[in-house]
Amino acid sequence: MTSRDNPSELLAQVLERPFQFRERPVPTPAEYRPKWRTALVVLLVGACYSRRASWHQLHVLNWACRSHANQAAFERFKVGEPRLDDAVVRYDPALDRAIDLALFDGLLERRSGDVLGLSSRGLTALNELQHANVLVGEKEFFARVSPVSQTLVDSLVPRRGQ
Amino acid sequence: MSLRVRQLRLVAETSAGTFGRELEFPDGLILIRADNTRGKSTVMQSIIYALGLESMVDPRHVVPLPPAMTDTLRDSKDEEHHVSESYVVLEIENGEGKRLTCQRWVAHERMDRHLIRTWSGGALSGPSNAYEQDDYFVRRPGAAVSERGFHHMLAEFLKWDLPMLARDEDTEVPLYLEMIFPLFFVEQKRGWGGIQATMPTYGIPNAKQRAIEFVLDLGVYRRARERRDLAAEIERLRGDYRQTLAEFRGRLEGTGIVLQGLDKEMPTSWPAVEPTLMSVVEENRWIALSELLQPLHERHRSLVEEEVPTAEEASRELEETLRENERLIGTLTAAASELRQNIELDEDQLASLEHRIEALEEDRRRYRDAITLKDLGSDEVSILEGDECPACHRPLPLALIAPESPPPMSLEQNIDFIAEQIRTFKLMSSDTEQHRDIESQRLAALRSRIEEVRHAIRAARATLVSPSKSPSVAAVRELLRLEDRITTLGEINQSFVGLLEKLRPIIEEATRVRARLLELPKERLDAEDEAKLAAFEPRIVSQLKDYGFRSFSVDTIAISRDNYLPTREGFDLGFVTSASDAIRIVWSYLLGLLEVSRDYATNHPGLLMFDEPRQQAADPVSFQALLCRAADVNRFGQQVLFATSEPEESLHEFLAGKDYTEITFEGFALEPLPKT
Numbered sequence: 565m566t567s568r569d570n571p572s573e574l575l576a577q578v579l580e581r582p583f584q585f586r587e588r589p590v591p592t593p594a595e596y597r598p599k600w601r602t603a604l605v606v607l608l609v610g611a612c613y614s615r616r617a618s619w620h621q622l623h624v625l626n627w628a629c630r631s632h633a634n635q636a637a638f639e640r641f642k643v644g645e646p647r648l649d650d651a652v653v654r655y656d657p658a659l660d661r662a663i664d665l666a667l668f669d670g671l672l673e674r675r676s677g678d679v680l681g682l683s684s685r686g687l688t689a690l691n692e693l694q695h696a697n698v699l700v701g702e703k704e705f706f707a708r709v710s711p712v713s714q715t716l717v718d719s720l721v722p723r724r725g726q
Numbered sequence: 041m042s043l044r045v046r047q048l049r050l051v052a053e054t055s056a057g058t059f060g061r062e063l064e065f066p067d068g069l070i071l072i073r074a075d076n077t078r079g080k081s082t083v084m085q086s087i088i089y090a091l092g093l094e095s096m097v098d099p100r101h102v103v104p105l106p107p108a109m110t111d112t113l114r115d116s117k118d119e120e121h122h123v124s125e126s127y128v129v130l131e132i133e134n135g136e137g138k139r140l141t142c143q144r145w146v147a148h149e150r151m152d153r154h155l156i157r158t159w160s161g162g163a164l165s166g167p168s169n170a171y172e173q174d175d176y177f178v179r180r181p182g183a184a185v186s187e188r189g190f191h192h193m194l195a196e197f198l199k200w201d202l203p204m205l206a207r208d209e210d211t212e213v214p215l216y217l218e219m220i221f222p223l224f225f226v227e228q229k230r231g232w233g234g235i236q237a238t239m240p241t242y243g244i245p246n247a248k249q250r251a252i253e254f255v256l257d258l259g260v261y262r263r264a265r266e267r268r269d270l271a272a273e274i275e276r277l278r279g280d281y282r283q284t285l286a287e288f289r290g291r292l293e294g295t296g297i298v299l300q301g302l303d304k305e306m307p308t309s310w311p312a313v314e315p316t317l318m319s320v321v322e323e324n325r326w327i328a329l330s331e332l333l334q335p336l337h338e339r340h341r342s343l344v345e346e347e348v349p350t351a352e353e354a355s356r357e358l359e360e361t362l363r364e365n366e367r368l369i370g371t372l373t374a375a376a377s378e379l380r381q382n383i384e385l386d387e388d389q390l391a392s393l394e395h396r397i398e399a400l401e402e403d404r405r406r407y408r409d410a411i412t413l414k415d416l417g418s419d420e421v422s423i424l425e426g427d428e429c430p431a432c433h434r435p436l437p438l439a440l441i442a443p444e445s446p447p448p449m450s451l452e453q454n455i456d457f458i459a460e461q462i463r464t465f466k467l468m469s470s471d472t473e474q475h476r477d478i479e480s481q482r483l484a485a486l487r488s489r490i491e492e493v494r495h496a497i498r499a500a501r502a503t504l505v506s507p508s509k510s511p512s513v514a515a516v517r518e519l520l521r522l523e524d525r526i527t528t529l530g531e532i533n534q535s536f537v538g539l540l541e542k543l544r545p546i547i548e549e550a551t552r553v554r555a556r557l558l559e560l561p562k563e564r565l566d567a568e569d570e571a572k573l574a575a576f577e578p579r580i581v582s583q584l585k586d587y588g589f590r591s592f593s594v595d596t597i598a599i600s601r602d603n604y605l606p607t608r609e610g611f612d613l614g615f616v617t618s619a620s621d622a623i624r625i626v627w628s629y630l631l632g633l634l635e636v637s638r639d640y641a642t643n644h645p646g647l648l649m650f651d652e653p654r655q656q657a658a659d660p661v662s663f664q665a666l667l668c669r670a671a672d673v674n675r676f677g678q679q680v681l682f683a684t685s686e687p688e689e690s691l692h693e694f695l696a697g698k699d700y701t702e703i704t705f706e707g708f709a710l711e712p713l714p715k716t
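Taken in order, these protein sequences are the chains called X and F.
Using this note's numbering, count along the first sequence one by one with no gaps and you end on 726.
Using this note's numbering, count along the second sequence one by one with no gaps and you end on 716.
Bear in mind the hints are in silico, worked out from the structure with no lab data behind them.
Warning: the hint list may mix true and false statements.
[To be verified] Just the calculated beta-carbon pair ranges, DEER-fashion: (1) F583(X) / E559(F): 46 to 52 Å; (2) E639(X) / P181(F): 31 to 37 Å; (3) E639(X) / D269(F): 42 to 48 Å; (4) R380(F) / E639(X): 36 to 42 Å.
Every residue gets a Cβ at the ideal spot worked out from N, C-alpha and C, and that includes glycine.
The task is simple: from the sequences and hints, build the whole structure.
Right, dumping it as C-alpha cells:
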C-alpha cells in the first residue's frame, strides 16, 4: 500500500516538511491607488474656478465624481433642481492623502489659507491628462460642470461657521 | 504595379518674369547632377510634392521646397524677386503605359495647396484638349480613402490594392502611400539614417513591417486579413443565430412552453440531443410538446365521435369533477403565488447582480486608467514619477488607505481579480435569468390552467342547472377549448420546425467557416513568402560585399522573418554598424527590393529615387559599385533616379561602358524662361 492510499500517512508526510503561511494580498478599489487618485486631484483642481480649490471644494467635487448617481445629483444641484433624496456628500480620508502627495510632488501649490492651486508642473500634468486616454468618464463629468465655484460648493454643503 | 516618372515642370512667376525648369526622364539609370546641392534636391522634392507625399519626409505641414519656389527667388545675378505664383507639374506612367499628369500649386492666391489637378494623359509630353481634367485633395483627412482623395486615385492608377490595417480595436485605416514610398525614395537629410528612417507610422502598430509585406506582396498579410474576415463572418452568424432564436422565444412568452437544448449563444455544432419544446403540465412535470399533443388529439377525436351527452347524462360525472375542480383551484392559486414570489426573488437577485457588475466594471475602468498612468513614461503624464513617495522617498504605498496587513494586491493582480469576479457574476446572472424565464413560463402555464379550471367549473354549474334534456354545456365547452388549444400548440410546433430549419444552416455554415479558419497555415510565412525572402537575402549580402561593408563579415547577415529587416544573429543591424556601413545597408536593402521584383510578383513600382546617396560617409569605391549595380536597371526597364553632386568626370569614369542618362544643370534649378 502506498502513502497515497493511506490518508494519515500522507498527512504525516506533509506535516513533516517545514511549511510557511503567507498572507494573501487583498483587493482594493482602484480609487485608493495613489497614482490614480493623485491624477484625479489634478483634474479636480483643474475643474474649479481659476484652477484653484479649497479643501472643502475638493472634497465635494471628489464625492460628486465618484459615481453616476453622485454626478447626476451634483448636476441637478448645479442647475437648482435638487431632489430631496439626493445623496449626502461624504468626506474621504484617502483624498487628503492624495492631496498631500500632489503637494509634495509639486503638482499643487498652497495659495492663501487653505486654497490650493495648480503649479506650472501641475498645469502641464493637467494638459497631458486632458489629452491622454485616461479618466475619460471623470473628464466628461468635469467638462459638464466646470468651472465649479466656492459659492456653489458652499451652498451645497455649508462650511462650519457659515 | 509600376510607376515611372516621365516629365517634370517647375514654374515660378516673379516680377522679373517666369522662371522654371523642365526635365524628362527615360527608363534606366538617371543621374541628376548639379554642383548646387539645393537645385537637384529641389527636383527630387518636387516629384514628392507633386504626388502629395511630403509628409513621408517631414510630418509637419510645410512645403519641402526651397524659397525659390515658395517665396523669394534669387537669380544668377544674385538679385531677389518675389514669387507671386508657382507650381509643379509631374507626368507619370503606370504599368499599362497610361499617363497621368498632376499639377500642384506651391504659391498661389487662390489655388489651395491641398488640391492636385490632374489630366488623364501626358499633358506635358503631348498637350491635348482631349484629356479629362479632375481635381483631387491631398493631405486632408480621407485623402487615402475618399473618391476625391488624390492618394485613393493614385493607388488605383498604380493598380495597388491597399491593405487595411488595424490602428486599434475599432479603427481600420489603409496602408497610407506615405508609408510605402520611403521604400522607393530616400531623402538626403534624414533619409539615410536607416531603412524607412523618415516613414510616418500614424500610430499604426507594426506599420513598417506592413509596408514591407505590401511591397514584397507577402501572403502573410493576406492571411491575417483572411483570418480577420473569417472571424467577422462567424460573428455575423452568431448575431443571426441570436436574433432568430430571440424572435422565436418571444413567441413562446406566456404559453407555458420552454425551448430546451438551444443556448442563447450559438453552439459550435448542432446539439447532440435534438432540441425540443417542453410544456409544463400539472405542478412541475415537463413533457415534450409532441407528447402533450398526442393525448389531446385522442381526446378530441373521442369527443367528436361520441354524441354530446345531455345534461342529465353528464350530471353524475360533473358533480364529481366540480368538487375536484373546486379543490384544485385552491391548490393551483397557492402554487401560483409561490411561483410569483420565486420570480420576484430572481428579479431582485438579477438587479443586485447587475448593480454589482456595473460597480466592478467601473472599478476595472479605473484600474485600466491606473495601469495606463503607471505605464505612461515621464514624457507623457508625469505624476508621482518613479513610483516613489515625493515626501519620504520610499516606495509609494500600494493604496492610500489600507491596513498594514494583509497587503493590497498589485494593480495587475487586482485587475485580474476584478475580471474574475465579473465573469462569475455574469455567469450567475445568466443562470438566474434562465431560472426566472422558466419559472415565468411555469407561472403562465399555471395561470392558463387556473383559467381553464374556472371555465370548467362555470360550465359544470351551468350544465347542472340546465334542463335535463339539453346538451351538456361542459361537454361542448371542452370540445371547443380542446380545438383551440390544439390549434395554438400546432402553430407553435410548426414555427419550431421552421426555427430549426433556419438555425441548422447557420450553425453548419459557422462550422464550415471555423474549419476554414483552422485550415489557415499556422506559420506566418508560406513557401512563396519564404522564396521571396530567400532571394532577397543574397542580393543584400552580395551588394554589401561589393560596396565594401566593413563592420563585420556580411555572410552572417540574414533577413528577419519578423520585421523583414537585415539582422545579424538575431540582432538589428542599426546598432552595430558604422555610419557609412549604415548607408550601405540602406542602398543594398532598397536596391535589393527593386531587384527581387524582377523575378517575383510584388507590388514594387520598379522605381527608386536616391537623393545624394553618396553622403560624406561613403568612399568613392563603394559609390562606384552602387552606380554600376544600379545601371543594371536598364536591362529590366526599371527606373532609378540618383541626385548627386559628384563631379562630372568621376561619374563618367565610374560608369564607363554603362548605359545611363545624365541630367546636368549648372546654377539654379529655376532659370528664366522665354516669354510666351
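(request) Please name the hints from earlier in the document that this structure breaks, with their numbers sorted from lowest to highest. (result) none
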